[in-house]
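**Student:** Listed here are the chains, written in short residue letters.
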Amino acid sequence: MALDEATVRKIAKLARIKVPENEVPTLAEELSKIIEWIEQLNEVDTENVTPMTSMAEMVMPKRADKVTDGNYPDRVLSNAPNPEGPFYTVPKVIE
Amino acid sequence: MSELTELTIAEARDGLVNRKFSSVELTDVHIRAVEAARDLNAFVTETLDLAIERAKASDDRRAKGKPAGGMDGIPIAVKDLFCTEGVLTTASSHILDGFIPPYESTVSQNLRDAGSVMLGKTNMDEFAMGSANVTSFYGAVKNPWYVNDGKDRVPGGSSGGSAAAVAANISLGAAGSDTGGSIRQPASFCGVVGMKPTYGRCSRWGMVAFASSLDQAGPLTRTVRDAAIMLQAMAGHDSKDSTSSTEPVPNFEASITGEIKGLKIGIPSEYRIDGMSSEIEGLWSQGVEMLKDAGAEPLEVSLPHTKYALPTYYIVAPAEASSNLARYDGVRYGLRVDAETLDEMYETTRGEGFGQEVRRRIMMGAYVLSAGYYDAYYVKAQKLRTLILKDFSDAFKKVDAILTPTTPFAAFAIGEKMDDPVQMYINDVFTVPSSLAGLPAITVPAGLSNEGLPLGLHLITKPFGEETLFCVADVLENLVSFHTKPAYLSKDAR
Numbered sequence: 001m002a003l004d005e006a007t008v009r010k011i012a013k014l015a016r017i018k019v020p021e022n023e024v025p026t027l028a029e030e031l032s033k034i035i036e037w038i039e040q041l042n043e044v045d046t047e048n049v050t051p052m053t054s055m056a057e058m059v060m061p062k063r064a065d066k067v068t069d070g071n072y073p074d075r076v077l078s079n080a081p082n083p084e085g086p087f088y089t090v091p092k093v094i095e
Numbered sequence: 001m002s003e004l005t006e007l008t009i010a011e012a013r014d015g016l017v018n019r020k021f022s023s024v025e026l027t028d029v030h031i032r033a034v035e036a037a038r039d040l041n042a043f044v045t046e047t048l049d050l051a052i053e054r055a056k057a058s059d060d061r062r063a064k065g066k067p068a069g070g071m072d073g074i075p076i077a078v079k080d081l082f083c084t085e086g087v088l089t090t091a092s093s094h095i096l097d098g099f100i101p102p103y104e105s106t107v108s109q110n111l112r113d114a115g116s117v118m119l120g121k122t123n124m125d126e127f128a129m130g131s132a133n134v135t136s137f138y139g140a141v142k143n144p145w146y147v148n149d150g151k152d153r154v155p156g157g158s159s160g161g162s163a164a165a166v167a168a169n170i171s172l173g174a175a176g177s178d179t180g181g182s183i184r185q186p187a188s189f190c191g192v193v194g195m196k197p198t199y200g201r202c203s204r205w206g207m208v209a210f211a212s213s214l215d216q217a218g219p220l221t222r223t224v225r226d227a228a229i230m231l232q233a234m235a236g237h238d239s240k241d242s243t244s245s246t247e248p249v250p251n252f253e254a255s256i257t258g259e260i261k262g263l264k265i266g267i268p269s270e271y272r273i274d275g276m277s278s279e280i281e282g283l284w285s286q287g288v289e290m291l292k293d294a295g296a297e298p299l300e301v302s303l304p305h306t307k308y309a310l311p312t313y314y315i316v317a318p319a320e321a322s323s324n325l326a327r328y329d330g331v332r333y334g335l336r337v338d339a340e341t342l343d344e345m346y347e348t349t350r351g352e353g354f355g356q357e358v359r360r361r362i363m364m365g366a367y368v369l370s371a372g373y374y375d376a377y378y379v380k381a382q383k384l385r386t387l388i389l390k391d392f393s394d395a396f397k398k399v400d401a402i403l404t405p406t407t408p409f410a411a412f413a414i415g416e417k418m419d420d421p422v423q424m425y426i427n428d429v430f431t432v433p434s435s436l437a438g439l440p441a442i443t444v445p446a447g448l449s450n451e452g453l454p455l456g457l458h459l460i461t462k463p464f465g466e467e468t469l470f471c472v473a474d475v476l477e478n479l480v481s482f483h484t485k486p487a488y489l490s491k492d493a494r
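Each protein sequence line maps, in turn, to chains S and F. So in my numbering, spot 23 of the first sequence is number 23, and the numbers just go up one at a time. So in my numbering, spot 372 of the second sequence is number 372, and the numbers just go up one at a time.
Mixed in with the good hints, there may be bad ones.
[To be verified] To list a few chain F residues with every Cβ distance to chain S over 12 Å, as calculated:
| hint | residue |
| --- | --- |
| 1 | Glu25 |
| 2 | Asp329 |
| 3 | Asp338 |
| 4 | Gln356 |
| 5 | Glu467 |
[To be verified] Label-pair ranges, simulated between beta-carbon atoms:
| hint | chain 1 | residue 1 | chain 2 | residue 2 | range |
| --- | --- | --- | --- | --- | --- |
| 6 | F | Lys66 | S | Lys13 | 53 to 61 Å |
| 7 | S | Pro86 | F | Lys66 | 53 to 61 Å |
| 8 | S | Thr50 | F | Asp49 | 49 to 57 Å |
Since the hints were derived computationally from the structure, they do not count as laboratory data. Note that beta-carbon positions come from the ideal geometry of N, C-alpha and C, so glycine has one too.
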């Protein structure tokens with residue numbers, strides 16, 4: 001199935017990536033090619049095949065539900081763009 | 001440049017133990033090698049002061065008779081996707097501008113604990129997405145191998161800086177990561193050894209994530225023995241990674257016995273792909289003959305779903321990447337491009353922060369995971385993965401290891417294979433199936449192309465069978481006796 005330009009705009013929105021309008025046609029073409037190429041998987045009958053969920057047969061390890069880390073807001077915020085006090089900042093979201 | 005930069009890790013270790021030289025001396029010549037080879041663009045960040053500091057600490061430990069571990073005092077390079085405490089970590093992406101991790105990844109911590117000395121953080125394809133190291137925000141890396149046609153070759157990718165650094169005698173070894181071939185393909189292009197262990201052998205904690213069900217750290221070195229030494233330092237269970245294996249880590253170096261008599265080596269007919277060049281076929285048959293002469297028994301095996309591995313990979317990897325890379329939002333670290341609203345800030349930050357290939361893969365991933373398509377693509381791909389794993393499990397009932405070429409061709413010129421993404425993806429045709437199945441694999445330099453560029457042979461084995469790999473790869477390495485050096489090393493300036 002070929003991807004049209006409207007779909008490219010939609011998935012760009014879903015992925016929260018700003019795509020300049022003049023790049024949309026090229027992306028539609030490139031992604032369509034890739035989709036076409038991966039659709040060769042349809043020739044394989046996978047009716048009774050279980051999807052792989054894990055590499056090795058292992059049970060997900062669990063630990064006690066205890067706080068084991070934290071209490072260093074300065075380190076956590078050390079890479080934040082424009083932090084204010086012990087907070088991250090974002091553009092205003094409430095009118 | 002100096003005899004010390006030509007040593008293997010094993011030789012350097014002996015030299016340090018026997019006090020022939022100090023870690024400071026060894027590190028100092030490597031620092032000069034880093035400085036002299038800046039034109040290769042192998043590093044994003046050099047940590048030369050830190051290296052001297054760690055080398056001094058290593059010499060102090062040794063003077064007190066308390067060396068740290070198996071790599072004490074050995075200078076190495078670390079791919080720029082391992083978070084390193086206090087040292088810029090970028091994954092070669094603009095979106096991680098200025099990111100200085102306040103913590104150390106488990107693998108780089110393990111390497112530190114073993115006493116190794118980090119020279120710097122190596123260049124790579126952005127977020128490990130690429131096979132030529134041309135998608136880096138910090139520019140392409142040059143392969144130290146070239147021929148006299150005036151064209152710079154790519155080092156392969158994504159661990160291109162790591163492979164180039166090891167090949168050009170800048171570092172004795174380098175830590176890399178492999179998602180679909182990102183250690184093995186560049187190792188093959190640069191004429192060095194590259195090893196991807198079993199999924200779960202090395203902790204993924206603190207590694208910048210690309211595709212979590214595939215990502216696995218491993219070493220790039222100049223010999224098989226060095227790979228065993230370095231993997232020993234990197235591997236081990238880590239409770240901070242829920243997929244980290246609790247399987248005991250054996251002594252990898254001890255598995256190098258030189259003895260492969262009676263081992264069965266599988267030759268998968270499906271890897272004889274359409275249009276395979278005669279030089280790759282020749283190299284492969286030569287490898288089979290050599291192992292046979294050493295007493296192993298070659299056997300044809302069938303891996304019927306091989307041709308579906310690449311398209312399967314290009315569903316699974318982008319899907320997981322789109323999810324993993326959602327964290328880069330301009331709020332908590334890295335680049336922020338200001339905008340009026342929160343959504344616009346996300347979109348402009350991500351639009352400017354990610355390069356073309358990364359944007360394409362995230363969008364591909366968002367598409368295959370989007371409502372209505374999940375079953376048709378992602379679930380389908382995970383079913384194919386079950387079939388690919390079963391192919392290997394069936395083969396390993398009959399054989400101990402599988403021998404294939406590492407890449408379908410030698411290193412190409414920078415700028416080639418850029419027009420069509422699918423053409424670039426073909427680079428990993430021989431390495432992707434074992435990645436999808438989580439199997440350990442190693443590449444060993446095995447010869448030169450007609451043009452005079454290195455080519456590798458690739459061995460795959462069953463889960464946690466690294467010992468078999470090191471043993472067979474060492475025998476192959478001795479028989480091949482590949483001693484050609486990259487053209488860069490015979491440059492007059494050096």
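**Student:** State for each hint whether it applies.
**Tutor:** Verification of the supplied hints:
The Cβ of glutamate 25 of chain F lies farther than 12 Å from every Cβ of chain S, with a closest approach of about 36 Å, so its non-interface assignment holds. Not every CB of chain S is more than 12 Å from the CB of aspartate 329 of chain F (nearest about 8 Å), against its label as outside the interface. Against chain S, the non-interface label of aspartate 338 of chain F is violated: not every CB pair exceeds 12 Å, the least being about 8 Å. Separation of glutamine 356 of chain F from chain S is inadequate, the least Cβ-Cβ distance of about 9 Å not exceeding the 12 Å criterion.
At roughly 17 Å from the closest C-beta of chain S, the C-beta of glutamate 467 of chain F stays outside 12 Å, upholding its exclusion from the interface. Roughly 58 Å separates the CB atoms of lysine 66 of chain F and lysine 13 of chain S, a value that falls within the hinted 53 to 61 Å. For proline 86 of chain S and lysine 66 of chain F, the Cβ-Cβ distance of about 41 Å falls outside the hinted range of 53 to 61 Å, so the restraint is violated. Threonine 50 of chain S and aspartate 49 of chain F have their C-beta atoms about 53 Å apart, which keeps the hinted 49 to 57 Å range intact.
Figure legend: structure checked against the earlier numbered hints; hints not met, in rising order: 2, 3, 4 and 7.
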